[in-house]
Amino acid sequence: MPRRGAPPEVNAGSMADIAFLLLIFFLVTTTIETDSGLDRMLPPIEPPDENVVIKQKNIFTVNINKNGQLLVEEELTDLRNLREKAMAFLDNGGAPSGSPEYCSYCKGNRNPDSSDNPTKAIISLKNDRETKYATYITVQNELVGAYNELRNREAQRLFGRDFTDMEAEYLNPETPEGVREELKEKVQRVQDLFPQKLSEAETATN
Amino acid sequence: MAKFNKKKSADTPGVNTASLPDIVFMLLFFFMTVTTMKDSSIMVENTLPNATETKKLEKKDRVLYIYVGKPTREFQKTYGTEPKIQLNDKFADVSEVGDFILQERAKKPQELQNVLTTALKVDSDANMGLISDIKQELRKVNALKVNYTTFEGDAFSNIE
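Chains as they are written, first to last, in the numbering used here: chain A, 1 to 206; chain B, 1 to 160.
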């Protein structure tokens, strides 16, 4: 004869354990990862309307061959010296004082045979089809690093703060709107002092 | 006085844990909603190079991914060992990159379509020839913002 009366209550004491188990599973599998990398802009496919004449001295050529060797300004260079050379070129400020292109904030050698002004200076990067991607990234990293170091220097002088730091805060979506507006102006100003002009020609075929 | 003393003799009550499951469930739901199971398995070897001057890729909804690298061992029989492009879940030819970008762009909301970034996740051993071809394709469809995804680390370790 079955017992009468209210059915026995299900013991819920182990519910917490079960929930904990699931919680731990999801904790372990969750990866809130953010990728990071080198941001670059590709040149638009339409050629510019008019041919702009660029002085040879304002172009800094970097060639990477298939063995990962670097030819910088017709000179075989070690990768580790690339950043220094690029900085010397960008920061040169070769235009004589008084001319419209004179660079007041440059601390370079003022060599008249090198770039006139950072805003004129162009880095031209060429690579072989067989160049390793890793080498290419290292070169890109060094060139971006050269710009960043110079920008940091100017940002420190003007605002007492690193450019990369300001830019990261500006790009962070969690930064409040007001702060971002203010940063945008500063970031823009430093960027204008050392605009990133990195031209990537189509690769050589052999 | 004795009357009052008697009352105090009971031992300290335990903390009520009845709400513990609720708290745990709340956490559980949070992690369940936040977790994203990987939507596409990577079919190529993908050891990214190192770099120091990196920027974070914020806002995942405006990023398109292109993977490049040698097919992993299980696919090597069918696809060989030359570096290949992987778009979503399948291997693709360089000529398909443009269409892929256009398709993915069309899927995104209108306001995001102009601010998309293409993240290139390329294996360190890939050759630049393939990457240049991809870049050319990206230029053709006007997807000019690219991010060479890398690990954070000493860039010179790439060349050793």
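What the hints contain is simulated information worked out from the structure, not anything from laboratory work. Source: prediction; values computed, not measured. Treat the hints with caution; some may be incorrect.
[Stated by the list, open to error] Restricting the straight-line Cα-Cα distance to at most 25 Å, the calculated cross-link-like pairs of lysine-lysine (BS3-like) are:
id, chain 1, residue 1, chain 2, residue 2
1, B, Lys145, A, Lys120
2, A, Lys186, A, Lys197
3, B, Lys145, B, Lys55
4, B, Lys140, A, Lys197
5, B, Lys70, A, Lys66
6, B, Lys145, A, Lys197
7, B, Lys77, B, Lys107
8, B, Lys77, B, Lys90
9, B, Lys56, A, Lys186
10, A, Lys184, B, Lys59
11, A, Lys66, B, Lys121
12, A, Lys57, A, Lys197
13, B, Lys55, A, Lys184
14, B, Lys59, A, Lys186
15, A, Lys126, B, Lys59
16, A, Lys184, B, Lys56
17, B, Lys77, A, Lys197
18, A, Lys186, B, Lys55
19, B, Lys107, A, Lys126
20, A, Lys66, A, Lys85
[Said to hold, decoys possible] Ranges of calculated distance between the beta carbons of each label pair, as one might list FRET restraints:
id, chain 1, residue 1, chain 2, residue 2, range
21, A, Asn172, B, Ser41, 50 to 60 Å
22, A, Asn172, B, Lys140, 48 to 58 Å
23, B, Asp93, A, Gly98, 20 to 30 Å
24, B, Lys90, A, Asp165, 40 to 50 Å
25, A, Leu27, B, Phe91, 44 to 54 Å
26, A, Leu158, B, Ser95, 18 to 28 Å
Ideal Cβ placement from N, Cα and C applies to all residues, glycine included.
Against the structure, the hints:
{"no.": "1", "hint": "B:Lys145 - A:Lys120", "verdict": "23 Å, holds"}
{"no.": "2", "hint": "A:Lys186 - A:Lys197", "verdict": "19 Å, holds"}
{"no.": "3", "hint": "B:Lys145 - B:Lys55", "verdict": "13 Å, holds"}
{"no.": "4", "hint": "B:Lys140 - A:Lys197", "verdict": "21 Å, holds"}
{"no.": "5", "hint": "B:Lys70 - A:Lys66", "verdict": "19 Å, holds"}
{"no.": "6", "hint": "B:Lys145 - A:Lys197", "verdict": "15 Å, holds"}
{"no.": "7", "hint": "B:Lys77 - B:Lys107", "verdict": "34 Å, violated"}
{"no.": "8", "hint": "B:Lys77 - B:Lys90", "verdict": "15 Å, holds"}
{"no.": "9", "hint": "B:Lys56 - A:Lys186", "verdict": "20 Å, holds"}
{"no.": "10", "hint": "A:Lys184 - B:Lys59", "verdict": "19 Å, holds"}
{"no.": "11", "hint": "A:Lys66 - B:Lys121", "verdict": "21 Å, holds"}
{"no.": "12", "hint": "A:Lys57 - A:Lys197", "verdict": "14 Å, holds"}
{"no.": "13", "hint": "B:Lys55 - A:Lys184", "verdict": "16 Å, holds"}
{"no.": "14", "hint": "B:Lys59 - A:Lys186", "verdict": "23 Å, holds"}
{"no.": "15", "hint": "A:Lys126 - B:Lys59", "verdict": "32 Å, violated"}
{"no.": "16", "hint": "A:Lys184 - B:Lys56", "verdict": "17 Å, holds"}
{"no.": "17", "hint": "B:Lys77 - A:Lys197", "verdict": "44 Å, violated"}
{"no.": "18", "hint": "A:Lys186 - B:Lys55", "verdict": "18 Å, holds"}
{"no.": "19", "hint": "B:Lys107 - A:Lys126", "verdict": "35 Å, violated"}
{"no.": "20", "hint": "A:Lys66 - A:Lys85", "verdict": "22 Å, holds"}
{"no.": "21", "hint": "A:Asn172 - B:Ser41: 50 to 60 Å", "verdict": "30 Å, violated"}
{"no.": "22", "hint": "A:Asn172 - B:Lys140: 48 to 58 Å", "verdict": "32 Å, violated"}
{"no.": "23", "hint": "B:Asp93 - A:Gly98: 20 to 30 Å", "verdict": "57 Å, violated"}
{"no.": "24", "hint": "B:Lys90 - A:Asp165: 40 to 50 Å", "verdict": "41 Å, holds"}
{"no.": "25", "hint": "A:Leu27 - B:Phe91: 44 to 54 Å", "verdict": "34 Å, violated"}
{"no.": "26", "hint": "A:Leu158 - B:Ser95: 18 to 28 Å", "verdict": "48 Å, violated"}
Comparing the model with each numbered hint stated earlier shows that hints 7, 15, 17, 19, 21, 22, 23, 25, 26 do not hold.
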